[in-house]
Amino acid sequence: MQPYFEALTTTICDSLRPGERYTASFNAEDTDFVRMNRGKVRQPGSVSQRYLSMRLINGARHAEHALSLTGVHTSDAAVIRNAVHGLRSVLTDLTDDPLLLLPSDVTSTHTVRSRPLPPAEEVIAQVLAAAHGLDLVGIYAAGPVWRGFANSEGQRNWHETTTFNLQWSLYHHADKAVKTAHAGFVWEAAAFAHKMADARQRLALISRPAKSLAPGNYRVFLAPAAMEEVAGLLCWGGFSGRALATKQSPLARMQDGVTLDERVSLIEDTDGAVAPAFQSEGFARPAHVKLIENGALVGSLVSPRTAREFNLVENGANGEEMPESLAMNAGALAAEDVLDSLDTGLAIGNLWYLNYSDRPACRITGMTRFATFWVEHGKVVAPVDVLRFDD
Numbered sequence: 577m578q579p580y581f582e583a584l585t586t587t588i589c590d591s592l593r594p595g596e597r598y599t600a601s602f603n604a605e606d607t608d609f610v611r612m613n614r615g616k617v618r619q620p621g622s623v624s625q626r627y628l629s630m631r632l633i634n635g636a637r638h639a640e641h642a643l644s645l646t647g648v649h650t651s652d653a654a655v656i657r658n659a660v661h662g663l664r665s666v667l668t669d670l671t672d673d674p675l676l677l678l679p680s681d682v683t684s685t686h687t688v689r690s691r692p693l694p695p696a697e698e699v700i701a702q703v704l705a706a707a708h709g710l711d712l713v714g715i716y717a718a719g720p721v722w723r724g725f726a727n728s729e730g731q732r733n734w735h736e737t738t739t740f741n742l743q744w745s746l747y748h749h750a751d752k753a754v755k756t757a758h759a760g761f762v763w764e765a766a767a768f769a770h771k772m773a774d775a776r777q778r779l780a781l782i783s784r785p786a787k788s789l790a791p792g793n794y795r796v797f798l799a800p801a802a803m804e805e806v807a808g809l810l811c812w813g814g815f816s817g818r819a820l821a822t823k824q825s826p827l828a829r830m831q832d833g834v835t836l837d838e839r840v841s842l843i844e845d846t847d848g849a850v851a852p853a854f855q856s857e858g859f860a861r862p863a864h865v866k867l868i869e870n871g872a873l874v875g876s877l878v879s880p881r882t883a884r885e886f887n888l889v890e891n892g893a894n895g896e897e898m899p900e901s902l903a904m905n906a907g908a909l910a911a912e913d914v915l916d917s918l919d920t921g922l923a924i925g926n927l928w929y930l931n932y933s934d935r936p937a938c939r940i941t942g943m944t945r946f947a948t949f950w951v952e953h954g955k956v957v958a959p960v961d962v963l964r965f966d967d
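Numbering (our numbering), first residue to last: 577 to 967.
Rather than coming from a laboratory, the hints here were simulated on the basis of the structure.
Bear in mind that the values here come from a model prediction, so they are computed numbers and not experimental data.
Virtual Cβ for every residue (Gly too), placed ideally from N, Cα, C.
Misleading hints may appear alongside valid ones.
In the DMTMM-like style, the derived pairs of lysine to aspartate or glutamate whose C-alpha atoms are separated by at most 25 Å in a straight line are [what the hints assert, rightly or not]:
no., residue 1, residue 2
1, Lys787, Asp774
2, Lys866, Glu885
3, Lys955, Asp919
4, Lys866, Glu804
5, Lys616, Glu804
6, Lys755, Asp913
7, Lys755, Glu885
8, Lys771, Glu912
9, Lys755, Glu869
10, Lys787, Asp711
11, Lys755, Asp608
12, Lys771, Asp913
13, Lys755, Glu698
14, Lys823, Asp966
15, Lys616, Glu736
16, Lys771, Glu805
Simulated restraints on C-beta separations [as the list claims (entries may be wrong)]:
no., residue 1, residue 2, range
17, Asp590, Asp966, 21 to 29 Å
18, Gly871, Glu896, 20 to 28 Å
19, Asp967, Glu729, 46 to 54 Å
20, Met904, Thr586, 38 to 46 Å
21, Val688, His661, 52 to 60 Å
22, His708, Leu676, 43 to 51 Å
23, Asp711, Leu675, 48 to 56 Å
24, Asp590, Ala911, 54 to 62 Å
Go ahead and model the full structure; you've got the sequences and the hints to work with.
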C-alpha cells in the first residue's frame with residue numbers, strides 16, 4: 577500500500593506550479609466483517625476503502641479537496657490532476673488565512689504494527705462454538721488500516737496496523753442481555769474463552785427476578801466498559817485546548833482548582849495505541865500527553881489553528897482536539913476483589929446513553945442497560961431494572 581501512496585504523492589508533485597505547495601493525508605482499510613444473530617452468521621462481508629485529502633497552498637491561501645480513490649494508480653492519477661486544477665482555480669478567489677500554521681521542520685516517520693490474524697472463518701467458528709446454545713448477537717471486524725501524510729517539503733509519514741474488534745451480547749429474553757467486547761492486535765483464543773465464560777456467568781445472574789431501586793444515592797462500581805463510556809463523553813471538548821481557552825470545556829472548573837480523586841490520571845497514549853504518530857496536517861504527536869495527573873488537569877490537546885489563535889504550543893492534536901488514544905492509569909483493586917470492596921451497591925457493566933445535563937458543571941445524565949446488578953455484602957443479589965442517573 578505504501579508504494580501506491582508514494583505514487584499518488586508523485587502525481588501531486590508533478591502537477592504543481594512554481595510557488596505552490598501541498599499537503600496530502602491518506603486513509604485506507606481492508607476490513608472483513610461478520611454480523612451474527614441468534615448464534616448464527618447472518619451477514620459476512622468485506623470493505624476496501626482508499627481516501628485522499630489534498631490541500632493546495634499558495635502563500636497564506638489554501639483550499640482542500642477530499643477524494644475517494646479506486647486503489648489503481650493509473651485511473652486515480654487523472655482524478656488527482658483534475659483536483660489540483662480545480663483547487664488552483666479556487667485559490668484565486670480566496671483571501672489569506674491568518675491562522676494557517678504548517679510544520680516548520682520535516683519530521684518523517686514509519687510505523688508498522690501488523691501481525692497476521694487468523695482467517696475470519698476460523699475466528700467465527702470459535703465464537704459460535706463457545707456460544708453454542710445461547711442467543712448471541714454480535715459483530716466481528718478485522719483487517720489492516722493505513723494512514724499516510726506527505727507534503728511538498730519532502731516529509732513522509734506512514735502508519736500501518738492490523739487489529740480486530742469483536743463485540744457481542746448474550747440475550748436472556750427481551751432486553752435482558754450481557755454485553756462484552758474483545759479487541760486487540762493478536763487474537764488469543766484463551767483470552768476470548770475467558771471473556772465468554774465470564775459472560776455466561778453473568779447471563780445466569782440476570783435470569784433472577786429484577787430489582788427496582790428507589791431514587792437516591794448509591795455506592796457504585798463502574799466496570800471498565802462503563803468507565804470507557806464516561807471517558808468518551810469527556811472527550812467531547814473536555815480536553816480541547818480551544819474549549820478550555822474559551823471556557824466551553826466541561827472540565828473548565830478544573831482550571832480553577834477543582835480536582836478529581838488523586839488516583840485518577842489520564843493521558844493521550846499515542847505510543848501505546850493504534851493512532852498514528854502524526855496528524856492530518858503533518859505535525860508530529862508526542863508519545864504521551866498528560867491530561868489529568870493525580871486528579872488535577874495538567875494538559876490539553878492543541879491543534880495548529882488553536883495554537884496560532886491563542887498563542888499556545890501545538891502538540892499534534894487533530895482539528896477536533898479529541899483524544900484518539902485516551903488511556904487511564906490502572907488502579908490497585910484486583911478484579912476478584914471488586915464485589916467485596918463495593919460491599920453493598922450497584923455493579924454497572926455497561927452504560928447505554930450518556931449526555932451532559934449541565935455541561936459547564938460537568939454534570940452527566942445517563943442510563944444503564946446491560947447487566948447491572950445489585951450487590952449486598954459482596955454478593956450479587958439480583959439484576960437491576962434499567963435506570964437513569966444524574967451525577
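Status of the hints after comparison with the structure:
| no. | hint | result |
| --- | --- | --- |
| 1 | Lys787 - Asp774 | holds (22 Å) |
| 2 | Lys866 - Glu885 | holds (22 Å) |
| 3 | Lys955 - Asp919 | holds (8 Å) |
| 4 | Lys866 - Glu804 | holds (18 Å) |
| 5 | Lys616 - Glu804 | violated (29 Å) |
| 6 | Lys755 - Asp913 | holds (21 Å) |
| 7 | Lys755 - Glu885 | violated (44 Å) |
| 8 | Lys771 - Glu912 | holds (14 Å) |
| 9 | Lys755 - Glu869 | violated (31 Å) |
| 10 | Lys787 - Asp711 | holds (23 Å) |
| 11 | Lys755 - Asp608 | holds (22 Å) |
| 12 | Lys771 - Asp913 | holds (17 Å) |
| 13 | Lys755 - Glu698 | holds (22 Å) |
| 14 | Lys823 - Asp966 | holds (22 Å) |
| 15 | Lys616 - Glu736 | violated (32 Å) |
| 16 | Lys771 - Glu805 | holds (19 Å) |
| 17 | Asp590 - Asp966: 21 to 29 Å | violated (59 Å) |
| 18 | Gly871 - Glu896: 20 to 28 Å | holds (25 Å) |
| 19 | Asp967 - Glu729: 46 to 54 Å | holds (49 Å) |
| 20 | Met904 - Thr586: 38 to 46 Å | holds (43 Å) |
| 21 | Val688 - His661: 52 to 60 Å | violated (34 Å) |
| 22 | His708 - Leu676: 43 to 51 Å | violated (59 Å) |
| 23 | Asp711 - Leu675: 48 to 56 Å | holds (53 Å) |
| 24 | Asp590 - Ala911: 54 to 62 Å | holds (57 Å) |
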